[in-house]
Amino acid sequence: MSKPTDLVQGTLDLLILKTIALEPMHGWAVAQRIRQVSKEVLQVNQGALYPALHRLEHGGWIKAKWGESDAKRRAKFYSLTAAGRKRLEQEEANWRRLSAAIVLVLEPA
Amino acid sequence: MAPIMRCIQEVHLWVRSLLRKSRVERELAEEFDFHLEKLIDQKIADGMDPREARYAALREMGGLEQLKEECRDMRRVNYIETVAQDMRYALRQLRRSPGFTAVAVLSLALGAGSGTALYSVIDGAFLHPFVRGNDTSILLRAQFPHKKMSSWLLSVPEYLDILNRSHAVSNVVAQREAAIVSLSDPPHTEGVFGAPISAAAFEAAGIAPLTGRAYTREEDRPGGPHVVVIGAGLWQTRYNSDPGIVGRTVHINGEGYTVLGVMPKRYRWMGAELWFPLQLNTADEDRSHRFLFVTADLRPGMTLEDANRELRSLARSVEKEDRGATPEYAGWRMDALLVRDVIVGDLAPALFMLSGAVVLVLLITCANLGNLTLARGVARRREIAIRLVHGASRARLFRQMLTESLVLSLAGSGAGVLVAYAGLTTLVGLIPRDYIATEAVIGVNASVLLVSFAAALVIGVLIGLAAAFAVPRLDIERGLRAAGRSMTGEGLGRHFRRGLVVCEIALAVVVLAGAALMVESYDRIGALPLGFDSRNVYAMNINLPAARYAGGPQVSAFFEELVRRVDVLPGVQRAEVVSQPPMAGWDVDTHDFQIEGRPVETGGLPNADERVVGAGYFRLMGVGLMEGRDFAGSDRAGSLPVAIVNRTMARLYWPGRNPIGARIRLGHGYSRARLLTATETDGPWLTVVGVVNDARQRPDLAREIRPEIDLPFAQSADRIRDLYLLVKTPNAAAGVLAAVRREVEALDGQISVQNFTSLDRIVADGQGPRRLAVVLLALFGGLALLLVVVGVYAVIAHNASQRTGEVGLRMAMGAAPAAVGRMIAGQGLRLGLSGVLLGVLIAAGLTRSMSSLLYGVAATDPFTFVAVSLLLIGVSLAAGYIPARRATKIDPMTALRSE
Chain A
1 MSKPTDLVQG
11 TLDLLILKTI
21 ALEPMHGWAV
31 AQRIRQVSKE
41 VLQVNQGALY
51 PALHRLEHGG
61 WIKAKWGESD
71 AKRRAKFYSL
81 TAAGRKRLEQ
91 EEANWRRLSA
101 AIVLVLEPA
Chain B
1 MAPIMRCIQE
11 VHLWVRSLLR
21 KSRVERELAE
31 EFDFHLEKLI
41 DQKIADGMDP
51 REARYAALRE
61 MGGLEQLKEE
71 CRDMRRVNYI
81 ETVAQDMRYA
91 LRQLRRSPGF
101 TAVAVLSLAL
111 GAGSGTALYS
121 VIDGAFLHPF
131 VRGNDTSILL
141 RAQFPHKKMS
151 SWLLSVPEYL
161 DILNRSHAVS
171 NVVAQREAAI
181 VSLSDPPHTE
191 GVFGAPISAA
201 AFEAAGIAPL
211 TGRAYTREED
221 RPGGPHVVVI
231 GAGLWQTRYN
241 SDPGIVGRTV
251 HINGEGYTVL
261 GVMPKRYRWM
271 GAELWFPLQL
281 NTADEDRSHR
291 FLFVTADLRP
301 GMTLEDANRE
311 LRSLARSVEK
321 EDRGATPEYA
331 GWRMDALLVR
341 DVIVGDLAPA
351 LFMLSGAVVL
361 VLLITCANLG
371 NLTLARGVAR
381 RREIAIRLVH
391 GASRARLFRQ
401 MLTESLVLSL
411 AGSGAGVLVA
421 YAGLTTLVGL
431 IPRDYIATEA
441 VIGVNASVLL
451 VSFAAALVIG
461 VLIGLAAAFA
471 VPRLDIERGL
481 RAAGRSMTGE
491 GLGRHFRRGL
501 VVCEIALAVV
511 VLAGAALMVE
521 SYDRIGALPL
531 GFDSRNVYAM
541 NINLPAARYA
551 GGPQVSAFFE
561 ELVRRVDVLP
571 GVQRAEVVSQ
581 PPMAGWDVDT
591 HDFQIEGRPV
601 ETGGLPNADE
611 RVVGAGYFRL
621 MGVGLMEGRD
631 FAGSDRAGSL
641 PVAIVNRTMA
651 RLYWPGRNPI
661 GARIRLGHGY
671 SRARLLTATE
681 TDGPWLTVVG
691 VVNDARQRPD
701 LAREIRPEID
711 LPFAQSADRI
721 RDLYLLVKTP
731 NAAAGVLAAV
741 RREVEALDGQ
751 ISVQNFTSLD
761 RIVADGQGPR
771 RLAVVLLALF
781 GGLALLLVVV
791 GVYAVIAHNA
801 SQRTGEVGLR
811 MAMGAAPAAV
821 GRMIAGQGLR
831 LGLSGVLLGV
841 LIAAGLTRSM
851 SSLLYGVAAT
861 DPFTFVAVSL
871 LLIGVSLAAG
881 YIPARRATKI
891 DPMTALRSE
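First to last, the sequence lines map onto chains A and B. So for the first sequence, our numbering puts the first residue at 1; every next one is plus one. So for the second sequence, our numbering puts the first residue at 1; every next one is plus one.
You may find that some hints are simply not true.
Partner residues are not named here, just some residues of chain B that face chain A (Cβ under 10 Å, in silico) [claimed, not checked]:
| hint | residue |
| --- | --- |
| 1 | Ile-8 |
| 2 | Leu-28 |
| 3 | Glu-31 |
| 4 | Leu-39 |
| 5 | Gly-63 |
| 6 | Glu-70 |
| 7 | Cys-71 |
| 8 | Arg-72 |
| 9 | Asp-73 |
| 10 | Met-74 |
These are calculated hints, taken from the structure and not from any lab test. Using N, Cα and C, we set each Cβ at its ideal position, and we do this for glycine too.
With the sequences and hints as input, model every part of the structure.
This is the structure in structure tokens:
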């Protein structure tokens, strides 16, 4: 089973949290949104997405609710919990620090 | 707040997944359906034909079931669920193949059962025989190289040296050996073991009396009061647990003693049931008057090595200070042994060797079951393939295999515990009582159960690993297509299985070689001349109370009359008294002696075993007279003092000469309790009147026979009140005992007969550790052999059935049935040969470790090894015979058609 090798390990959680922070979203939409926003660079494979969603749900970072999709079809919508919001802030801060550091290394002043 | 909320959600989901499984499953399916639909919609929007879009989407989604399983895995509850499911599945699988399950559980039950029973003995008799002090309680020993003797007995000054000068040990306690004393509160009289011990023993034990108190140091002085502390067992059986016992007076050897207290059940110091003050005269300055057992505790933080180092240097200082007055101090040593090591003695190596054998048998069982499981694994390939298709991960399948083997090993070990319960009494019965501390409790206890449970887990994992070996190599397509049958076995799996069988045979060689060596040693020892004839001889102990039998005349009058009466009982061939029957007990009374006209050498007087015998003893025991004359009725208290020596003594001290007429004088004695006066430095000169053949005195047959001096009872009656009556009679043992009891009662109603046993039994008990090893090793050897038969048969039969088609083809082409049979059976031979080769190499290394238990046979005895090898090769061939015969009966047409 191919894993998204182009995604840095551990960043999938961050991307999911960030994406559903805007509004509750089902799995399909999460994948689409990440692809669109990243201008087709980040492809999230369902083989990685769903286990990650289930893991996050079970860890209490996100919660799921069944609702109606645009096409009047039942879908499972995920949204952030308070703990998830907090974690998102931390992860975002971490990521910014890390990427800034990498930029510093790649382009020395 | 957030972490708590998170916890609540987690628990909620956890419970939900557990309780509402079907709903969760439905939701999972629905979520993926939704995703699939979206994917199809997208592909249609991209311009694909709807049907084509559906196929493409399905392809892209990949293994839907695997994905679901991965999501389930994300929920931790899955583990519990899987385990329960795996258990149910495992039980179903095992029920489906009752033959396999029966073989597995039975062989595990026998292996694990012997292991559990053996460990119970090791734990109860060796690791934790006492309530406390198992690893700290020590017994001191002196060794005198010039006398070629070691002594468990020390003198009062030596005891005081240790008490006052040692820093490595504390709680130094002096005591005399327990002896049978007659306990009487009329009209009831019985003999019980009583030991004189110093008051410090009760403080050292740290065990409080059940009721009353122990005696104090004040009461433990010469001239102190007659007081006694009794054991719980005696209190229960004799006094009905009457709390009013404290303060009451009982009669011990005819004298009144006040009962002070009752000690708990597991307090059995010196194996006794009552203890009275030693009342030691600490002013005794005779360093050679050794009659005390000295025990102590290692101080916290001190090891046995520390104590021994200190004792060595203490012995050197004492040697410097006192060598002049005590010549035997030249080069003497003092050391200490753990009390439990002294008691368990050479039983310990036997126990550890047997544990090794149990481990080997269990390994064989594991290999065997792994093998059978693998064979089933091949037959179950289709099932496994189906499960893989249905989304089971390999890890999950492995877990399933492991669960199955764990269920199996736990069931087997559970049955093993029952086997252990049932067999433990028999096992303990094989061990002579002397080797087990009186306070030891041997049973299947919690720590034993824990160890056997842990062993079951290890066994389960080992078998599971073997089984799982088959899984990763299986590819789904071939598994489904082959449907459990193929022309050739799985390459690697087959080699692995043959490897397992070879290992099985090799381990069986080791167990059987060990067993054969033990049997051989036991036979050789049994064939050793004892120097006496133990057949039809019975021994019993009679101890006269000092109060009514004050001196020699009374004692000899009683025993001579008793012997006269028993001698004429119907069926009795001969009766006689002796201070100690041969080969009984773990130590023998010894005496220093001086030969007239010879100077005392450096290191003091020589030392010999000593025995007091009735005039007819040598005739009763069938000990041959080599020179001079036997004792006679004319050797009386007033006549010429005489002695008889054994052949070894004559050879060592009168080499090439006849010792008859020479005179010897006894020096210091090393006597535990039996001989009353251990010191006799000014005794009379004894004239040697005879030389008898060497007869075994000590139970350890592998040891050299020591010089021995025998004294006539009639001339030693003032030194002994505690004798054994020997009766030679071909009649049933119990009848003799009853008749002798009646005679004793008729002479003195307050004297009891104790420790009735046959000499054959004493001789056999001396071989206790070896006998235990022989019986159990023979059992394990048989078990190993049986397992090998099952293992070899399973592999060859399986292989033969896999090759049915090939055999049919060969026979259709004109191969003779005999040739086909040889081809199949030849596999057994090859397996046997490789296993035996490997086994001999391992055995040659391992049997060396049991050399302390062997006698008269080398640890790598070639004859034994060849015999065991031939046996196993033969067994392997035989195990291959049935499948080979079946192969020759194959009808080529049927075989080919079934392909």
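Status of each hint after checking the structure:
{"no.": "1", "hint": "Ile-8", "in the structure": "holds, 8 Å"}
{"no.": "2", "hint": "Leu-28", "in the structure": "holds, 9 Å"}
{"no.": "3", "hint": "Glu-31", "in the structure": "holds, 5 Å"}
{"no.": "4", "hint": "Leu-39", "in the structure": "holds, 8 Å"}
{"no.": "5", "hint": "Gly-63", "in the structure": "holds, 7 Å"}
{"no.": "6", "hint": "Glu-70", "in the structure": "holds, 5 Å"}
{"no.": "7", "hint": "Cys-71", "in the structure": "holds, 5 Å"}
{"no.": "8", "hint": "Arg-72", "in the structure": "holds, 8 Å"}
{"no.": "9", "hint": "Asp-73", "in the structure": "holds, 8 Å"}
{"no.": "10", "hint": "Met-74", "in the structure": "holds, 4 Å"}
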